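Could you slot chains B, C and D onto chain A? The hints should help.
4 protein chains.
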Amino acid sequence: MEVFKNLTRTRVRYGETDKMGIAYYGRYLDWFETGRTEFCRALGKSFCEWENEGIMLPVVEAHCRYKSSLLYDDEIEIETTVTNLSNVSVIFTCKIFNLRTGKLAAEGYTKHAFTSTDGKLLRKGNKLLDWLNSNNVQ
Amino acid sequence: MEVFKNLTRTRVRYGETDKMGIAYYGRYLDWFETGRTEFCRALGKSFCEWENEGIMLPVVEAHCRYKSSLLYDDEIEIETTVTNLSNVSVIFTCKIFNLRTGKLAAEGYTKHAFTSTDGKLLRKGNKLLDWLNSNNVQ
Amino acid sequence: MEVFKNLTRTRVRYGETDKMGIAYYGRYLDWFETGRTEFCRALGKSFCEWENEGIMLPVVEAHCRYKSSLLYDDEIEIETTVTNLSNVSVIFTCKIFNLRTGKLAAEGYTKHAFTSTDGKLLRKGNKLLDWLNSNNVQ
Amino acid sequence: MEVFKNLTRTRVRYGETDKMGIAYYGRYLDWFETGRTEFCRALGKSFCEWENEGIMLPVVEAHCRYKSSLLYDDEIEIETTVTNLSNVSVIFTCKIFNLRTGKLAAEGYTKHAFTSTDGKLLRKGNKLLDWLNSNNVQ
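If you read the sequences in order, they're chains A, B, C and D. Our numbering puts the first sequence at residues 111 to 248. Our numbering puts the second sequence at residues 111 to 248. Our numbering puts the third sequence at residues 111 to 248. Our numbering puts the fourth sequence at residues 111 to 248.
What the hints contain is simulated information worked out from the structure, not anything from laboratory work. Among the hints, a few may not be true.
Since the list can't tell identical chains apart, any single copy or any two copies may satisfy a pair.
[As the list claims (entries may be wrong)] In silico DSSO-like links for lysine-lysine, alpha-carbon gap of 27 Å or less:
# : residue 1 : residue 2
1 : Lys237    : Lys221
2 : Lys177    : Lys230
3 : Lys177    : Lys221
4 : Lys237    : Lys213
5 : Lys230    : Lys213
6 : Lys205    : Lys234
7 : Lys205    : Lys221
Keep in mind it's a predicted model, so treat the numbers as computed, not measured.
Here chain A stands alone, though its shape is the one from the complex (with noise of 0.2 Å):
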């Protein structure tokens, strides 16, 4: 069986690129972050449902690799998987496609805690991690 993957588009701003004419590097985690968004709405549960019941995803650790450029106004596709899961964190990797010239852009992950409201690290499991475990996201 497949793991669940989530996709989705969005078009490079013109506040996102720099004095090179291209993406500014830092602004590939804001769409990383639009990537993770989406992939929990699209398997039923908004991030925002989720952190209003009390269960926060710090990031501890970010890692990127830039492939090829992209321009103002390229329209990209994040894609979106989980590929571990633990009982105190979960990494979502991310691969963004420039549409304009179907060439891999980027890829990279995140790894994220699991905490409560007030930063503490959500040691024997939770809600969040159960659901993501009963969608079979890995």
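Only chains B, C and D this time, still in chain A's reference frame:
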């Protein structure tokens, strides 16, 4: 007597430029924010502390005129004054100077409501207002 | 005859919120930009193409009134019109609606000069101006 | 002999926080950039000048581990070193310290290719590389 004004300096970051090679117009509002933050600190109490005491300053209006371009790494000086203070709102006025060229880069203002932490308008005055008044900021 | 207006949708990103829990005031200018970009595309020629033909639209003035807060993941609709068109400048007017609440979140405008790639003001009209005029945008 | 390292300070801006009340994870990459910029300036020639001489440093890889949260207005110190220098690429390593708490807030690195202004990889060395080497940066 001259009104209190604050001067603070920073540099244009790479990620704040856009494909035109100049600072992106939206980033000036971040610098206005830096100006307000340093204005309060210079007056003796950080804006952070005011928030911790339960007074928020959400922006209700922002305006900016762009006079001359800023390049990556240009050092800028942000000049901040209070130009209007009422029971329910305050206006911070900002000028941004390009220290490389000596030119005025932009000028504008932000208008803020005084609210409680839960967003309720403070209609009858508040301690932050009193403090600004007692410091003759306008 | 009604003037041309463009509607486009996006969502408030996590990174666009601030510690007040609402969308940061500076990010609205990025959404105004998205509105302008989609306005041109909807009219038949992307702003990107106009830039490639040597016409730039640097912002000379920006204004925004904030009417109601936007939360993370709120879907917004950006309504863009041209409200003033002269030989040397154009004003884009924007309204941002919160589709969750139905409320107007913000309204404002940006004024732009027509310039060449090297920043020279185009004083005698230009093809982008002609195109906007021929499309009865105001 | 100890390698050259640069220390530079800035503060967490309001717009760099998110609804969790802490600095957004994507903004750390902007601070890494500030670190690199000040590293070059401290060594005697601004990165801006290198770009003007035709050498660009596009990012090909970025990595960050988040160790402890940063709050609005926290003063941070960015420590930058060069940890790997080859004919075609350079790695800048960054640590971000929270001067309020004394804690390490994050550490990571960015890997950059040496390219010409038109994006061609400079395979046989270049003046920026020679300059870094001559300054014993690693």
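Exercise. Out of the numbered hints, which ones does the structure contradict?
Worked result: 4, 6
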